[in-house]
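K.L.:
Could you put together the complete structure from these sequences and hints?
Here the sequence shown stands for residues 23 to 284, where the numbers follow this note's numbering.
Treat each hint with caution, since some may be false.
[Unchecked claim] Once the Cα atoms are required to be at most 27 Å apart in a straight line, the calculated DSSO-like pairs of lysine-lysine come out as: (1) Lys84 to Lys43; (2) Lys247 to Lys279; (3) Lys216 to Lys279; (4) Lys247 to Lys216; (5) Lys247 to Lys220; (6) Lys84 to Lys152; (7) Lys43 to Lys26; (8) Lys84 to Lys26; (9) Lys30 to Lys43.
[As the list claims (entries may be wrong)] Now the in silico label distances, taken between C-beta atoms and shown as ranges: (10) Glu270 to Asp148: 41 to 49 Å; (11) Leu190 to Ser53: 41 to 49 Å; (12) Gln42 to Glu151: 16 to 24 Å; (13) Lys279 to Ala87: 47 to 55 Å; (14) Ser261 to Ala110: 15 to 23 Å; (15) Asp266 to Asp241: 19 to 27 Å; (16) Asp144 to Gln193: 27 to 35 Å.
Hints were generated in silico from the structure; no laboratory data involved. Backbone N, C-alpha and C define an ideal beta-carbon position, used for all residues, glycine too.
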Amino acid sequence: MDRKELVKNGSLALEEGDAQKALTLLRQAQSAGEFSAEIEGLIAEALEARGQLEGAVNSLEKAIAADPDQADLRYSLGDLLFELGRTADARDVYREIAERFPEESDAWVSVGLVSFHQGEIDAAVDCYEKALQISPDSTFALNSLGDACFARGDFDGALNCFRAVIDLDPQDAQAHYNMAEMHYDNDDPDQAEKACLKALECDPGFAYAYLTLGNLYLDRDLSEKALHSFQEFLLHETSPAAEDIRSEVAAVVDGLKAELNL
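P.N.:
This is the structure:
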């Protein structure tokens, strides 16, 4: 099998969810010629899929060193660092993207998300507004700004942001989910359920919409519906970073099964 075929088959294995096979093939491809940033990026993706996040970080750093102009590799690195809780490092990576690629509005959104995660809401809003100056129709920035408005207690501002996203892209599952969370937190379960179902209509694999639905049904003592929703969440949310929430939901699932004699 030549190098090109190794990469092709490795990429296919990655798409099919066989990360170990992908890793084996991609490492063979990497060793079959000169170092390739593209192959190393795929190796990082396979390592991440196997939960080897530190190894994925190392591979991405190697790939970026070999090809500094690949913004996608830098985003992947920033996202992994953020997932690992290395927020200062993640922020540095995102800021470097913003400086190196001035047209990348997503970089400012990502910087803002780090600030938001740390409770620095005003700093996050500043970043989202910078992103919108670059790309006024950025649904990523508008969704994030809506979250920040809601965190500030600005219900109308949040609603306007999410509606703006839906006007731009009616199939944006994130915006519908954000609306659901907003309605849920404001004790409007009917609207929350409606928005969750719309999010799942747009993206049937949207794990956290199932989680919110499960909580809604649990609040209403609709145990069978809650059980189904929580099981769907566990099916679709497989990220190593979600291990704690998965454990909590699995315990609820066990309790519901016992209640329903399943």
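K.L.:
Does each hint hold? Answer for all of them.
P.N.:
Consistency of the hints with the structure:
no.: 1; hint: Lys84 to Lys43; in the structure: holds (21 Å)
no.: 2; hint: Lys247 to Lys279; in the structure: holds (12 Å)
no.: 3; hint: Lys216 to Lys279; in the structure: holds (26 Å)
no.: 4; hint: Lys247 to Lys216; in the structure: holds (15 Å)
no.: 5; hint: Lys247 to Lys220; in the structure: holds (17 Å)
no.: 6; hint: Lys84 to Lys152; in the structure: violated (30 Å)
no.: 7; hint: Lys43 to Lys26; in the structure: holds (16 Å)
no.: 8; hint: Lys84 to Lys26; in the structure: holds (20 Å)
no.: 9; hint: Lys30 to Lys43; in the structure: holds (12 Å)
no.: 10; hint: Glu270 to Asp148: 41 to 49 Å; in the structure: violated (34 Å)
no.: 11; hint: Leu190 to Ser53: 41 to 49 Å; in the structure: holds (45 Å)
no.: 12; hint: Gln42 to Glu151: 16 to 24 Å; in the structure: violated (44 Å)
no.: 13; hint: Lys279 to Ala87: 47 to 55 Å; in the structure: holds (50 Å)
no.: 14; hint: Ser261 to Ala110: 15 to 23 Å; in the structure: holds (22 Å)
no.: 15; hint: Asp266 to Asp241: 19 to 27 Å; in the structure: holds (22 Å)
no.: 16; hint: Asp144 to Gln193: 27 to 35 Å; in the structure: holds (32 Å)
Checked against the numbered hints given earlier, the structure breaks hints 6, 10 and 12 and satisfies all the rest.
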